[in-house]
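Asks: Here the protein sequences line up with chains A and B, keeping their order. Per the numbering used here, the first sequence runs over residues 2 to 763. Per the numbering used here, the second sequence runs over residues 6 to 90.
Rather than coming from a laboratory, the hints here were simulated on the basis of the structure. Heads up, a few of these hints could be off.
Think about it this way: if two alpha-carbon atoms lie no more than 25 Å apart in a straight line, the pair counts; the simulated DSS-like pairs of lysine-lysine are [to be verified]:
hint : chain 1 : residue 1 : chain 2 : residue 2
1    : A       : K438      : A       : K423
2    : B       : K33       : A       : K288
3    : A       : K315      : A       : K423
4    : A       : K709      : B       : K33
5    : A       : K397      : A       : K206
6    : A       : K27       : A       : K196
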Amino acid sequence: MAETMTNGNSQTYVGTRTIRPDGADKVTGRARFGADFNLPGQLIGRVLRSPHPHARIVSIDTSKAEALPGVKAVVTRDDFADQSSEFIPAGEMMMNYKDVVRNVMAREKALYEGHAVAAVAAASVAIARRALKLIEVKYEVLPHVIDVVEAMQPGAPLLHDDLFTVGVEPKPEKPSNIAKRVEIKQGDIEVGFKKADLVIEREFKTAPVHQGYIEPHAALASVSEDGSTELWCTTQGHFIVRAHCARLLGLDIGKVRVTASEIGGGFGGKTVVYLEPLAIALSRKAKRPVKMVMSREEVFKASGPTSGATVRVKLGVTKDGKFVAAFAELKYQAGAFQGSPVQPGVMCAFAPYDIEHVHVIGYDVVSNRPKVAAYRAPGAPISEYAVESVVDEIAKKLEIDPIDLRMQNAAHEGTKAAYGPKFGPVGLEETLNAIKKTEHWNAPLRKWQGRGVASGFWFNIGGETCASLTVNEDGTISLMAGTPDVGGLRASLAAVAADELGVPYDKVRPIIGDTGSVGFNFLTGGSRSAFSGSMAIVEAAKQIKAELCARACKLWEAQPDQVEFSGGSVRPLGALAEKVKPMSVADFAKVAGKTGGPIGGVGRINAQGAGPSFGTHLVDLEVDPETGRVTVLRYTVAQDAGRALHPAYVEGQFQGGAVQGIGWALNEEYIYGDDGKLQNAGFLDYRMPVASDVPMIDAILVEVANPKHPYGVRGVGETPIVPPLGAIANAMEAATGIRFTELPMSPPKVLKALKEKGLSRA
Amino acid sequence: MARVVLVGNLAQLTGGVAEFDLSVTSVKQLFQQLGELHPALARHLEDGVAVAIDGQIYQDALLEPIGPDSEVFLLPQIAGGSTLT
Chain A
2 MAETMTNGNS QTYVGTRTIR PDGADKVTGR ARFGADFNLP GQLIGRVLRS PHPHARIVSI
62 DTSKAEALPG VKAVVTRDDF ADQSSEFIPA GEMMMNYKDV VRNVMAREKA LYEGHAVAAV
122 AAASVAIARR ALKLIEVKYE VLPHVIDVVE AMQPGAPLLH DDLFTVGVEP KPEKPSNIAK
182 RVEIKQGDIE VGFKKADLVI EREFKTAPVH QGYIEPHAAL ASVSEDGSTE LWCTTQGHFI
242 VRAHCARLLG LDIGKVRVTA SEIGGGFGGK TVVYLEPLAI ALSRKAKRPV KMVMSREEVF
302 KASGPTSGAT VRVKLGVTKD GKFVAAFAEL KYQAGAFQGS PVQPGVMCAF APYDIEHVHV
362 IGYDVVSNRP KVAAYRAPGA PISEYAVESV VDEIAKKLEI DPIDLRMQNA AHEGTKAAYG
422 PKFGPVGLEE TLNAIKKTEH WNAPLRKWQG RGVASGFWFN IGGETCASLT VNEDGTISLM
482 AGTPDVGGLR ASLAAVAADE LGVPYDKVRP IIGDTGSVGF NFLTGGSRSA FSGSMAIVEA
542 AKQIKAELCA RACKLWEAQP DQVEFSGGSV RPLGALAEKV KPMSVADFAK VAGKTGGPIG
602 GVGRINAQGA GPSFGTHLVD LEVDPETGRV TVLRYTVAQD AGRALHPAYV EGQFQGGAVQ
662 GIGWALNEEY IYGDDGKLQN AGFLDYRMPV ASDVPMIDAI LVEVANPKHP YGVRGVGETP
722 IVPPLGAIAN AMEAATGIRF TELPMSPPKV LKALKEKGLS RA
Chain B
6 MARVVLVGNL AQLTGGVAEF DLSVTSVKQL FQQLGELHPA LARHLEDGVA VAIDGQIYQD
66 ALLEPIGPDS EVFLLPQIAG GSTLT
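Isolated chain A (complex conformation) (with noise of 0.2 Å):
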């Protein structure tokens, strides 16, 4: 295997595509899911859902669902404390606890269709279900509002009275939808549009999207006499789970340990509690194991989806293309709570560009929908995707090429990012660049066919982490992370800790420790899992070398400066050289108990220097004339990885980020009736692209080094969600000649705009 030199360090692994850890139990399905736990006595667990989408909950009588034989026990809002206000992070936003014990299950009142309402625990599915049945609850069911610009609009169905708008002066004196209003500004926008040649101001409007995750939420818990919890689920971090349950449930902290299952995709959507607190809730009361798992429909109506929103951009551009004043307005739909992820969206709608005034404003409105949850830098591909479809007209308007457009105005080391500080060292330009020099960019196009190009930005975070590392007594080496993999986290962290110690990958054996062996570790999102995982990598094999550097230093009578670990050895320096051989990390395995004992790190460190990731996206589709069907014809992504830890997984987040992208462009949307309910909640009336609906999304790996890293890393799982909206939007523009300003471009919508323009053969 071929070696090279990054950062001064000797690299076997990293950067290679090397054996998935886990990819034999995958493939052979031996891995275990959320729902493939199981304990002897097991009761299973069901929830009863509102079947009304904004109701207050008058009373809940469940003495006929406890009499019912083989029913163990029931729970309802009776069963949680009420929780203070106090906002704590859920995913990459914020969330209150007051509002998390009542999304857990209703108090006051039912705000969704689908909101939890009770929960039992019965020897079988057939008993759990007909004990729901004899649940009586009694509702007084109130008006709903749905749209996020009705929600508000004075005199719109309140959903909570005591939610008065934070960020407008002077405080509001009544309650409203609006639960927040945030800004971000620098320099003067009107000063910048008198600049202006050209001033192009649109809207836009996006559907809420599902993450999407093929596995369903599940959880199993065992509450023991003593309150011991043990909890089994399906989560992006179980270190929050085992806050958010003890919180919720009044247990400590040591009391509870966590496991997490692999998980069959998260995206955002796993960074928050549902059925875990009901599980451990119904347990406890049952003294019995309960588990619990979502169905499809029980996902899309009582699990995350992302906001949908309506965005304003007004952009102002000189003739010769430079962008000068830039202003948008967003409103984002929280769901029942607040918590939508407006402040990021505010945050990088302008952020790929160089723009001296910047005016950006955004508003957080709830309304009867289930409470968004994280999904892939959240936020950013809403304002985004206006964003790019503004920069597309305005390079049509001024016949400039698209590329050298963005090339122009491209954020670089130095911008200063339009909510605030300067960047370091990003790679805008060279994915522009690398996209601009693809076959794909100049191939030929028939009629009906588009080509579209978009950028996009997502900042990365790091965090609190801890790993360690075991030297086995054969040598081999046990690597414990904390936080779920969920696109590689194993294989890299395994190639950075061979390479750090100088042994083959395949002895190195990377897992996920549960909650009770690994130190706290804040849960994997915000694209930050191999990143700051790699770094608590270095630091434990740094505490290893340390340890046998200084044995080695006892065994030979030397002193540290004799002796140095290079190659995975401890090597003797001058002339000890020529008294003591060379001893590998295997050499010390097998004396460790004679030399001081079991030799291991830990890395336990709060990862800063994340570097931000920016990604440019190249779509070509073809339009039916007759069906408005959209087909995707061919994809590139380039984004800036800093270093590719993995460049397989790597490229697999470009292209899941793409194809998701793709989903939320084209076909995805909740779709309510006039009664609020969602109508469309199941995969085949919720359409998301399968295989065969894509091509293969080609990858190119950009790999400008952030210098904060030791290896170089950047995030790479949220930017390429990012750019593909407006890629795709603007395709449509390229292959139709109509500018799309609402998502999903699904063929109704498709075909009725070009029925509308006289351009349709149906």
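Start from chain A and add chain B according to the hints.
Replies: For chain B alone, kept in the frame of chain A given last:
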């Protein structure tokens, strides 16, 4: 003196003042001084803001040093820290 700029809604808690010149050597000192100058801001600093020092964003990093000529921005947090209970 470090140049400190409040981004977004934070300036609403300081009577509209968004820029400060402060003699601080760490994020902890920065929060202390800002909290003393504008008590309404203090709770929000504790709740969690991100701090960009010379272009690099830090979150939950009280001990991070700030240089005498640093440019510091206080931003809404991109993602939460660990204070969950």
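Asks: Hinted pair, alpha-carbon criterion (25 Å max): K315(A), K423(A). Please report holds or violated.
Replies: The given pair, whose Cα atoms are some 23 Å apart, holds under the 25 Å limit.
Asks: Does the structure keep K33(B) and K288(A) at a Cα separation of 25 Å or less?
Replies: violated (47 Å)
Asks: Checking one constraint from the list: CA of K397(A) to CA of K206(A), max 25 Å. Satisfied?
Replies: Holds - the C-alpha atoms of K206(A) and K397(A) are around 22 Å apart, at most 25 Å.
Asks: If you draw a straight line from the CA of K27(A) to the CA of K196(A), is it 25 Å or shorter?
Replies: Violated, at about 58 Å.
Asks: Check whether the Cα positions of K709(A) and K33(B) lie no farther apart than 25 Å.
Replies: With a Cα-Cα distance of about 22 Å, the restraint between K709(A) and K33(B) holds, given a limit of 25 Å.
Asks: With the threshold set at 25 Å, check whether the alpha-carbon distance from K438(A) to K423(A) stays at or below it.
Replies: violated (28 Å)
When the structure is compared with the earlier hints, violations turn up for hints 1, 2, 6 and for no others.
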